[in-house]
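> Make a model of the complete structure from these sequences and hints.
As they're listed, the protein sequences go chains F and X. Take the first sequence: its position 147, counted from the start at 1, is 147 in the UniProt record's numbering, and no numbers get skipped. Take the second sequence: its position 37, counted from the start at 1, is 37 in the UniProt record's numbering, and no numbers get skipped.
In case anyone wonders, no lab produced these hints; they're calculated from the structure. Among the clues, some could well be false.
[Claimed, not checked] Partial list, derived from the structure: chain X residues whose beta carbon lies under 8 Å from chain F:
{"id": "1", "residue": "Leu23"}
{"id": "2", "residue": "Arg34"}
{"id": "3", "residue": "Leu35"}
{"id": "4", "residue": "Glu47"}
{"id": "5", "residue": "Leu53"}
{"id": "6", "residue": "Met74"}
Cβ coordinates follow ideal geometry from the N, Cα and C atoms, glycine included.
There are 2 protein chains.
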Amino acid sequence: MSTPGRDDAAVPDLLGVLSYGALVAFDNLGADARLAPDLRRRAALSEMAAAELVHYRRLADRLTELGVDPVDAMTPFVDSLDAYHESTRPRDWLEGLVKAYIGDGIADDFYREVAAGLAEPDRTLVLEVLHDDRYAEFAVAEVLAAVDADPKLADRLGLWARRLVGEAVTQAQLVVAARPALVTLVEPFVPDGPDGLAALIERLTASHAERLSSLGLRS
Amino acid sequence: MSTPGRDDAAVPDLLGVLSYGALVAFDNLGADARLAPDLRRRAALSEMAAAELVHYRRLADRLTELGVDPVDAMTPFVDSLDAYHESTRPRDWLEGLVKAYIGDGIADDFYREVAAGLAEPDRTLVLEVLHDDRYAEFAVAEVLAAVDADPKLADRLGLWARRLVGEAVTQAQLVVAARPALVTLVEPFVPDGPDGLAALIERLTASHAERLSSLGLRS
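Spelled out as structure tokens, the structure:
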């Protein structure tokens with residue numbers, strides 16, 4: 001097993017949480033596919049689920065290359081990611097789409113900021129395993145069409161989106177508490193100390209509000 | 001839309017049933033992955049599930065190339081494949097492995113015989129979308145180890161395997177009744193008429209018995 005240098009200590013943690021995230025996204029998109037109203041949508045969502053496993057394989061291969069067992073790297077994150085998903089099980093097709101679009105969107109924004117500070121090849125790897133834009137376009141088109149057909153849906157789905165963010169923040173705090181090394185990955189991008197962190201959160205919040213608005217939901 | 005010649009009339013049916021089979025296998029392996037006793041096995045099975053979607057994509061692309069909408073090609077087979085899977089929901093991890101190994105094994109043997117009579121590129125395509133040997137090896141190792149640890153399991157899993165075959169035969173008869181053109185794909189390989197068909201069934205039965213025996217189960 002190679003010994004990561006001090007600066008790289010958090011890389012296996014980062015790849016581990018991304019790996020488990022990909023496995024879980026595969027599960028969830030697969031379950032969402034079974035809620036699809038027709039075979040065409042089911043096939044489309046199943047393909048997006050399968051793409052997550054391609055990401056998983058790339059992350060797991062990189063972990064192995066670093067001398068880290070992918071299962072060991074994922075294990076610290078299983079409880080908090082599972083808790084988030086258990087507490088936010090979509091009840092129908094639209095809730096599943098909103099959850100994946102909103103939740104993945106925030107996660108991707110965050111990992112994109114983190115990637116900027118990584119050395120290669122991890123920087124490119126992390127950027128390449130972010131979620132496919134195809135999914136976002138698909139989710140937006142589906143939700144917009146549904147809200148257009150039944151404007152009352154906007155309230156229910158808006159409430160759902162707020163609940164998702166609340167649960168995600170709770171679990172993210174637990175992840176960071178359990179793996180403080182992960183914070184060191186973000187630190188280089190908060191050059192002004194607490195103000196920089198506030199700016200990061202502001203950027204994430206602004207993008208989140210844009211996504212809500214593109215779904216026709218209020219933030 | 002291209003007009004398939006008389007001899008090719010059954011090709012879209014064949015690619016359609018294979019496409020829907022791949023989508024369903026993706027679903028089932030994904031559900032089996034959630035029954036896995038640990039994260040390592042869950043990841044392994046999730047990867048095998050994702051491989052089914054790669055097969056699905058190749059089959060759907062070929063259907064599109066032939067001027068056939070993949071959803072239209074799959075639709076005639078949805079009810080019978082769903083009925084088979086509804087009536088054979090695995091209750092645990094081992095039942096899921098036995099089902100996939102036994103069921104996919106019979107299906108693969110059958111499609112391999114059918115492929116021999118197809119023109120290219122469909123012949124190679126059908127052979128390439130058969131199930132991965134990795135899965136068979138994984139399932140055999142898991143079931144053998146479990147039966148070794150608890151020999152009483154052999155009776156329950158043997159009974160399960162017999163039920164699977166009974167349900168599969170019932171549904172295969174319904175598929176053929178609904179899409180008689182599919183039979184023309186097999187006919188060239190039963191040169192002796194009914195005797196040839198008997199020989200085909202005998203070959204499939206012999207391979208099935210070998211698979212059961214490799215799992216340590218009686219046929």
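> All hints, please: hold or fail.
So, going through the hints one by one against the coordinates:
| no. | hint | result |
| --- | --- | --- |
| 1 | Leu23 | 6 Å, holds |
| 2 | Arg34 | 7 Å, holds |
| 3 | Leu35 | 12 Å, violated |
| 4 | Glu47 | 6 Å, holds |
| 5 | Leu53 | 3 Å, holds |
| 6 | Met74 | 6 Å, holds |
The structure is inconsistent with hint 3 alone, although it conforms to all the rest.
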